[in-house]
Amino acid sequence: MGTTYHQLRKLPKVHRPDTIASGILEPFQPWRNCVLQVLRMRFFTATVLGLLAPSLCAATNLTTPSRLDLPSGFKPPQVFKNTNLVRNTNLEKSYVRETINVVVENIDKQPHNDYYIPFPAEVFDRVAGFEVRDKKALEKGRFDVDYTEAVSSDGNQYFVIHLPEPLAPKSQITLGISYSVLSSLSPLPATIGQADKQYLTYSFSAYMPSAYTTNTQKTKLKFPSTNVPDYTTTDGLKSGSDPERKGATYTYGPYDTAKVAPGTQHPITVRYEFTKPVISISLLERDLEVSHWGGNLATEERYWLRNNGSELTKQFSRVEWTFTNYQQAPTSAVRELTYPLLPGSVDPYFIDDIGNVSTSRYRPSIGRSAGSLELKPRYPIFGGWNYSFRIGWNNDLASFLRRAAGVNSDSYVLKAPLIEGPKMAEGIQYERVVVRVVLPEGAHNVRFEILEGTNSNGLPGVNHIHAHLSSLKTYMDTLGRTILTLEVDSLTDEARDSKFVVTYDYSMLDALRKPLTIFAGMLTVFVAAWGIGKIDISIKKR
Numbered sequence: 137m138g139t140t141y142h143q144l145r146k147l148p149k150v151h152r153p154d155t156i157a158s159g160i161l162e163p164f165q166p167w168r169n170c171v172l173q174v175l176r177m178r179f180f181t182a183t184v185l186g187l188l189a190p191s192l193c194a195a196t197n198l199t200t201p202s203r204l205d206l207p208s209g210f211k212p213p214q215v216f217k218n219t220n221l222v223r224n225t226n227l228e229k230s231y232v233r234e235t236i237n238v239v240v241e242n243i244d245k246q247p248h249n250d251y252y253i254p255f256p257a258e259v260f261d262r263v264a265g266f267e268v269r270d271k272k273a274l275e276k277g278r279f280d281v282d283y284t285e286a287v288s289s290d291g292n293q294y295f296v297i298h299l300p301e302p303l304a305p306k307s308q309i310t311l312g313i314s315y316s317v318l319s320s321l322s323p324l325p326a327t328i329g330q331a332d333k334q335y336l337t338y339s340f341s342a343y344m345p346s347a348y349t350t351n352t353q354k355t356k357l358k359f360p361s362t363n364v365p366d367y368t369t370t371d372g373l374k375s376g377s378d379p380e381r382k383g384a385t386y387t388y389g390p391y392d393t394a395k396v397a398p399g400t401q402h403p404i405t406v407r408y409e410f411t412k413p414v415i416s417i418s419l420l421e422r423d424l425e426v427s428h429w430g431g432n433l434a435t436e437e438r439y440w441l442r443n444n445g446s447e448l449t450k451q452f453s454r455v456e457w458t459f460t461n462y463q464q465a466p467t468s469a470v471r472e473l474t475y476p477l478l479p480g481s482v483d484p485y486f487i488d489d490i491g492n493v494s495t496s497r498y499r500p501s502i503g504r505s506a507g508s509l510e511l512k513p514r515y516p517i518f519g520g521w522n523y524s525f526r527i528g529w530n531n532d533l534a535s536f537l538r539r540a541a542g543v544n545s546d547s548y549v550l551k552a553p554l555i556e557g558p559k560m561a562e563g564i565q566y567e568r569v570v571v572r573v574v575l576p577e578g579a580h581n582v583r584f585e586i587l588e589g590t591n592s593n594g595l596p597g598v599n600h601i602h603a604h605l606s607s608l609k610t611y612m613d614t615l616g617r618t619i620l621t622l623e624v625d626s627l628t629d630e631a632r633d634s635k636f637v638v639t640y641d642y643s644m645l646d647a648l649r650k651p652l653t654i655f656a657g658m659l660t661v662f663v664a665a666w667g668i669g670k671i672d673i674s675i676k677k678r
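Residue numbers (the working numbering): 137 to 678.
What the hints contain is simulated information worked out from the structure, not anything from laboratory work. Honestly, I wouldn't trust all of these hints.
Below 27 Å or equal to it, Euclidean Cα-Cα: the simulated DSS-like pairs (lysine-lysine) are [unchecked claim]:
no.: 1; residue 1: K333; residue 2: K271
no.: 2; residue 1: K358; residue 2: K271
no.: 3; residue 1: K217; residue 2: K333
no.: 4; residue 1: K354; residue 2: K271
no.: 5; residue 1: K276; residue 2: K306
no.: 6; residue 1: K356; residue 2: K382
no.: 7; residue 1: K245; residue 2: K306
no.: 8; residue 1: K306; residue 2: K211
no.: 9; residue 1: K354; residue 2: K306
no.: 10; residue 1: K272; residue 2: K217
no.: 11; residue 1: K306; residue 2: K217
no.: 12; residue 1: K374; residue 2: K358
no.: 13; residue 1: K272; residue 2: K635
no.: 14; residue 1: K354; residue 2: K374
no.: 15; residue 1: K354; residue 2: K395
no.: 16; residue 1: K217; residue 2: K374
no.: 17; residue 1: K333; residue 2: K382
no.: 18; residue 1: K245; residue 2: K358
no.: 19; residue 1: K306; residue 2: K272
no.: 20; residue 1: K272; residue 2: K245
no.: 21; residue 1: K374; residue 2: K395
no.: 22; residue 1: K670; residue 2: K635
no.: 23; residue 1: K211; residue 2: K354
no.: 24; residue 1: K217; residue 2: K271
Please construct the entire structure, taking both the sequences and the accompanying hints into account.
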């Protein structure tokens with residue numbers, strides 16, 4: 137047995153051991169033992185977590201959009217001609233929706249598969265959901281499309297359509313091209329009274345912008361009503377009246393343009409009644425949080441909304457608005473937003489910058505029928521006004537998540553809508569959408585896929601969706617939760633029906649990470665408390 141501190145005190149100074157430091161430190165032996173216990177516990181914790189930590193594999197299909205850089209003075213080679221072109225322009229919503237059917241013929245002696253469509257540089261970035269298919273074989277899916285930088289010679293940017301197979305000489309293919317153009321409608325007059333009708337103007341060219349010669353072409357305009365007080369008439373482009381009017385449909389053409397140079401413009405402007413809000417979402421942030429332990433899929437969406445319609449000439453009158461509301465008269469203001477919810481959605485909430493908004497109505501789903509959330513802002517949103525808010529709800533995770541095929545598979549497949557959003561007759565345009573999928577801690581080898589159908593889903597090609605991985609540390613996390621972020625610019629509410637699939641690996645050890653972390657943390661606290669309790673801190677007489 138070593139000499140104790142009390143025994144050492146009784147010895148004369150000359151008889152004390154030379155290792156006086158050891159004697160002095162001996163009273164602090166309990167502290168030393170406690171520290172060693174804590175260090176051992178932390179080493180145990182780190183070892184356990186290290187064994188459980190997966191190797192985070194980089195996702196194989198994460199994308200960063202890029203654009204082709206064309207040489208200065210570039211002009212598409214004249215290897216194609218448009219035999220016949222029909223452009224359908226739909227103005228029934230608050231954005232322009234165009235579908236083009238064009239018969240393309242190869243007039244060169246060699247097969248070619250790159251078809252160019254030009255847009256002015258100031259319009260190019262506002263084109264949403266650009267998609268091309270074979271009109272006679274829609275089941276083959278959409279064609280690959282590349283974007284280009286602006287060409288200095290003509291100021292145009294091009295969509296480069298890659299045909300699945302090179303088009304042989306003298307062969308033809310019918311292309312179905314669809315897209316929307318955001319922020320292309322202007323209110324005229326720019327200011328109106330609170331109860332006045334609203335009119336929008338749209339300007340375009342009677343000749344479809346094309347990089348190739350077009351033999352014949354025409355443009356059909358579909359208006360929301362027959363109230364079209366102003367429109368451009370043409371003279372000399374065709375025989376007879378132009379446009380031809382039939383109800384709410386106006387047709388410009390057909391024109392014989394075989395001798396008209398590609399890129400020739402003939403300006404047309406129309407002005408029509410649109411007493412509805414022109415809703416634009418400058419930013420939508422959508423979070424999907426996956427919880428395996430809770431069996432829950434939590435969704436939250438944050439909106440920054442703006443009405444691009446005519447602004448008010450005078451100050452807002454609550455009395456006049458109450459009268460308009462009572463009569464249910466058409467208005468250019470956002471009165472309410474109807475938000476369909478998927479079957480099984482529960483616990484919805486509606487919050488703005490002030491707090492909870494009670495002026496909303498929730499209609500829960502019955503069986504497999506969809507629910508509905510009717511959002512009424514605190515005030516009507518007139519032209520030029522902004523409103524930011526967020527909504528959220530929960531769903532049973534089993535309705536969206538399944539384990540991949542295989543007896544011992546550790547892979548999971550999550551299928552969910554890319555965006556949902558309000559469903560309004562006047563339509564909604566999105567300038568930027570950011571979707572975050574928050575996966576459980578330890579999820580790795582993350583991949584995603586956009587589901588395609590025979591009809592347009594309102595989305596650009598997957599190679600034009602910016603995707604990246606990151607992590608988020610929350611309560612009791614060690615590595616942090618894996619986050620897949622998808623960013624898309626220029627969308628419309630047609631993308632509401634689009635779905636995407638996220639596949640990731642998540643083993644049993646990954647699932648036990650947090651319980652083991654909590655257990656190790658609590659054990660560390662108990663051991664530390666036990667060690668501290670063993671320390672003798674009493675003051676005794678000499």
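Now the hints, each set against the structure:
| no. | hint | verdict |
| --- | --- | --- |
| 1 | K333 <-> K271 | 39 Å, violated |
| 2 | K358 <-> K271 | 21 Å, holds |
| 3 | K217 <-> K333 | 44 Å, violated |
| 4 | K354 <-> K271 | 18 Å, holds |
| 5 | K276 <-> K306 | 22 Å, holds |
| 6 | K356 <-> K382 | 11 Å, holds |
| 7 | K245 <-> K306 | 8 Å, holds |
| 8 | K306 <-> K211 | 22 Å, holds |
| 9 | K354 <-> K306 | 23 Å, holds |
| 10 | K272 <-> K217 | 19 Å, holds |
| 11 | K306 <-> K217 | 10 Å, holds |
| 12 | K374 <-> K358 | 21 Å, holds |
| 13 | K272 <-> K635 | 25 Å, holds |
| 14 | K354 <-> K374 | 11 Å, holds |
| 15 | K354 <-> K395 | 15 Å, holds |
| 16 | K217 <-> K374 | 21 Å, holds |
| 17 | K333 <-> K382 | 23 Å, holds |
| 18 | K245 <-> K358 | 40 Å, violated |
| 19 | K306 <-> K272 | 18 Å, holds |
| 20 | K272 <-> K245 | 24 Å, holds |
| 21 | K374 <-> K395 | 14 Å, holds |
| 22 | K670 <-> K635 | 60 Å, violated |
| 23 | K211 <-> K354 | 25 Å, holds |
| 24 | K217 <-> K271 | 17 Å, holds |
Hint compliance for this structure: hints 1, 3, 18 and 22 are broken, all remaining hints hold.
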